[in-house]
Every structure is written in structure tokens, then in C-alpha cells.
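Asks: Below are the chains, spelled out letter by letter.
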Amino acid sequence: MNPSGTAVFEITGLNYRYDKVPALNGLSLKIGRGERIALLGANGSGKSTLLRILDALAFGDKGEVKFFGSPLTPQSMEDESFAYDFRRKVGLVFQNPDVQLFNPTVFDEVAFGPLQMGWTHGKVNEAVTRALEGMEIAHLWDRAPHRLSGGEKKRVAIASVLVLDPEVVLLDEPTVTLDPKSQSQVIDLLVDWKSGAKTVITATHQLELVDAIADKCFVMQQGQIMATGTPAEILSDGDLLLRTNLVHSHRHTHDGVTHSHPHVHGPGGHSHTH
Amino acid sequence: MSQHKFLSGTIGGFTHALQHALESEELARVDGWLQRLDPRVKLVGLLALVVATAASRKLSVVLLIFAVALVMAMASHVQWKTLFTRVWLPVLGFTGVIAVPAIFLTPGEVFWRSPFGVVHVTHAGLRAAAMLVSRVETAATMSTLLILCTPWTHVLKALRSLHVPVEIVAILMMTHRYVYLLIETANEMFVARQSRMVGRLDAATQRRVATRTGGVLLSKTVQLGEEVHLAMQARGFRGDVRLLDQFRMETRDYAALMLLLGITAAALYVGH
Ligand SMILES: Nc1ncnc2c1ncn2[C@@H]1O[C@H](COP(=O)(O)OP(=O)(O)O)[C@@H](O)[C@H]1O
Ligand SMILES: [Mg+2]
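These protein sequence lines map, in sequence, to chains P and Y.
When we follow this note's numbering, the leftmost residue of the first sequence carries the number 1, and every step to the right adds one.
When we follow this note's numbering, the leftmost residue of the second sequence carries the number 275, and every step to the right adds one.
Just to be clear, a hint being listed does not mean it is correct.
Unchecked claim - Over 12 angstroms on every C-beta distance to chain Y, these chain P residues come out as not near it, computed from the model: (1) ALA7; (2) ASN43; (3) GLY134; (4) LEU189; (5) ASP192.
As the list claims (entries may be wrong) - Covered stretches of chain P (in silico footprint by chain Y; criterion: 3 or more residues with CB under 8 angstroms from a CB of chain Y, positions within the stretch not fixed): (6) 31-40; (7) 44-57; (8) 110-122.
Bear in mind the hints are in silico, worked out from the structure with no lab data behind them.
Here a beta-carbon is modelled for each residue, glycine too, at the ideal position from N, C-alpha and C.
Let's have the full structure, built from the sequences with the hints guiding it.
Replies: Set out below in C-alpha cells:
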């Protein structure tokens, strides 16, 4: 199921709606092995929905999703061995860590995935220990996950996905609710964690993350891909960023002349592109 | 106390207590008699005693089983105060509503008559009320001991290994998390509201706010609950609960099981 050269994900003409609300509208994309992708889009543009489709937690009304050439459908996920293989290879870190943390201790939380995979206890212990150390939360192993700080919760949530050493990692707004210090810590840990040819797909509306986490960007609006390019290409396209609400126009006065221009929030305060 | 403070204070206290009840894993980690037993032994042994309680027709037998519960509580470092506030008092409140009328309404030999014969208490009425209250108190104490002294996931796994259907165990697992989310969301919404609230609300507005909040809360938690389920699926959950701790029956576990089942059998025989 893994011929080289086949795309990890290939989506063609995908529609998805929540009851009456359309979320994805004829979306198509192709993601290759080992690519680091940023899904950029304002709130409501369909990023989270797309990630759920990619993780086979939701299925489109129309169109096709393929994982290494095999279609992802409710039927294919019914197949025990296909589902096992898929869950082993693809991990999703949810935006809200609270929905992801439901075990009594941090250790149990991180061990949940490996146990579902039926690993031996020795292997589970080893993998959990490695994941906890990788996310620098080994000292929290006996704590209740829902009682940790926001940054710690996030790291537990990430560890609980990375513990399976998935080939494809999907991250939904990994830093959005964190304070600046935890943000950069989580980014550093994610950037440092690169064992082998991993495909990492990160949904975000924070442009300042893009350079650190992606080699390629998809810009989303109203459930469609509006543009594709390298971070440099996308970030320098002020018009595109304005149209897709990733920046807001900003009026102010220079030398007695009032004009407007895109406004980007960078990690070290505000940077203006003139 | 202003009405507003009363409302938020009560809800805050209530959610706090519930939260605490759900997080009582600390006690489950203490080194005590029940804590050290195999979860399956606890589940079977304590449930058997609950059945014996329900089946017993003699008050003395129910009280003896209650005494057994007290001994187990002591051996497991469960505080009287915990049992009193979480079980005995609330249960007395609930069953009292049913038991008190029974004292006066049950026909039979009169034990005490009020002046002018307005009401009278019968022996049968007293016995019925005492039986009801002690049965429910005993059963509730037993179940609480099981929950307090066992990590929740072990209760689930014990249910699974006793061949309770996967679907039921999965529902219990979800419910626990769902109730927790409900409480957290309620707390958050309350804090958010309080921080925006200036001045007092009249009673009618308060009622309206409470109703609306309830609706929003429900739809929010339903959505969160769905997400929890998705998050579990994403990590390979397919309905079966798999846990790290492998249960192993030791001599102590067999001995405890014999003891608990022995008490149950004796209670069933004598109480019949
Ligand atoms: N559970 C839901 N029920 C109804 N509509 C939803 C639900 N989740 C998302 N939507 C709608 O689908 C669209 C895309 O949402 P989403 O994928 O969450 O976007 P993003 O993650 O980019 O903010 C939005 O219009 C949103 O309002
Ligand atoms: Mg989102």
C-alpha cells in the first residue's frame, strides 16, 4: 500500500457540509511524502474540517480522498487491518487539548494510543517514556492531565500522538491558546522532532509560525484552496493575505500622508510591509 | 447575601464538589485494604454484598452488612467525613422523603399517638422506614467504597474482563469524560459571565439567564462530547478498553473474594 512516488494524500473535488453549513467546497490538493505543509486560513475557512477528513474522522459528501492511493471511506475504515494501519501511521493533535485528554494520569494518557494498537507492555512503556522525554514532560507522568497548565496540556496532547511515531502528523492550531513562552517552546519541540521522513500538516492562522513549520503553504478560504506556494511566496503576497483575511488593513500616517497597508503580527511585536 | 451571589455561589460549590468527586483518584492510590485488591474482586465482592442487602428481610442483617462496610472503609483509609458528606447525608435526604410518610401511613399496631389522635406511628411503619433507609445507605456506601478506592479506568477494565459488553463499557467511559466536560464548561461559562456582570439582576432575569445558559451549555457539551469521541477514535479506540495494568489474582485476592462471598452467603441465608 506504499509505492514510492504516490502522494500521501490526494483529494479531488471534495464537498463537506455540517447539516446546512457548507464547510468544504470542491477542494482539491495533493500532499507528498515528507512535505511540511501549512494550511493557512482565517477562522471558519475550513482548516479543522479538512484535518478531520484527512484523519478519516469525517467523510465528504462528494469527491474523493486517497491515502497512499487507497480511498478513505467509511467502508474502508470498517476494515480492521486497514484502520489499524491508518491509525498507526496518521496522528491528529486537536486544537482543544481538553477533548484529547481523558485518562487519569499523563502516563496513561500517552499510553492510550499504543495500547489500542495492541503493543506489548514492554514496548508501550518504552515508547511512552521516550515521548514524555521528547516533550519534556517526564516529570509530570503521574499528574492528572486536565489539571495541568495550557502549555503542559498541549505537550501531553502532542506526546500522546507522537508516541506512535506516526508517518503523518496533523496539527490543528498547535499554539493558538498558549502564552508566548509556551508557544515558542512547543514550536521548538515540534521542529526538533524530526525522526525520518515525516509529513507534517499544520493548520494555523498565525503567519509568524509559517517559516518555522512549513516548506509549502496552502491558503484556504471558504472551503477551497485559494493559493499554493512556498512560505516566502505566500508571505510576500500582501494582496492575497488581505483578501483571505490573514492580515487586516491598517491605516496610519507617515510624513503627513495617510495610507493603508497590510498588517502582520510577528512574534516580536508588529512588523509592517510597505 | 445577594441573590446573584447565592446563585453563582451555589452553582460554583456544586460543580466544585462534583469535580472533586470525579477526581477522587487520590484515594484510589492510597495504600489500603480495598486499594490493594484486584478490581475484579472488589467489583464482584461489593456487588454481591449490595445484592445481599437488597434481598435481606431482617434489619439486623442489613445493619451487619453496613458494619462490614464501615470496617472496610476504616481498613482503606476512607474518612468518615467523606462518607458522611458524600453518601450518608445526601442519601438520608433522598430516602427520608419516602421514609417519613411511611412512618405515619403504614397500618399496624400503634406505637405512638399524637395528642388529639391527629397522626399515629405504627411499629410496622417504623420498621419499614428503618429498613428502607438502612438498605439504601448500605448499598450506597458499598458502591462509593468501590468507586473511591479504584481508579475509574480499572473499574472499566474489570467490567470488561467480567464480560460486560464493550458497548456498555464504552458508554461508561464516555459518560465519565462527558460529565467532566459539562462541569468544566459550566464553570468556565460562570466565570466568564461573572466577569462581565455588573450590578444585580432581578429574579425574572436571573431565571431567564439560567435557562438560556443551560441550553447553550448543553449544546456546547454535546459538541465537546462528540469531539472527545473523535479524539479517542483518532488514537485507535474501537470500543474496547485496553489498559496498562494487567490484573493478577494473588492469594490475598482469592482470600478476600472468599471472605466477601462468604459474608454474602451468610447474609442471604440468615436474612431470608
Ligand atoms: N460542528 C459544526 N457544526 C456546524 N458548523 C460547523 C461545525 N464546525 C465547523 N462548522 C462550520 O464549518 C466552517 C468551517 O469550520 P472549520 O473547519 O472549523 O474552520 P477553521 O478551522 O478554519 O476555523 C465554518 O463555517 C464553521 O462555522
Ligand atoms: Mg479550526
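Asks: Give a verdict on every hint.
Replies: Structure-based check of each hint:
no.: 1; hint: ALA7; in the structure: 21 angstroms, holds
no.: 2; hint: ASN43; in the structure: 16 angstroms, holds
no.: 3; hint: GLY134; in the structure: 17 angstroms, holds
no.: 4; hint: LEU189; in the structure: 19 angstroms, holds
no.: 5; hint: ASP192; in the structure: 23 angstroms, holds
no.: 6; hint: 31-40; in the structure: violated (count 0)
no.: 7; hint: 44-57; in the structure: holds (count 3)
no.: 8; hint: 110-122; in the structure: holds (count 8)
In this structure, the one hint that does not hold is number 6.
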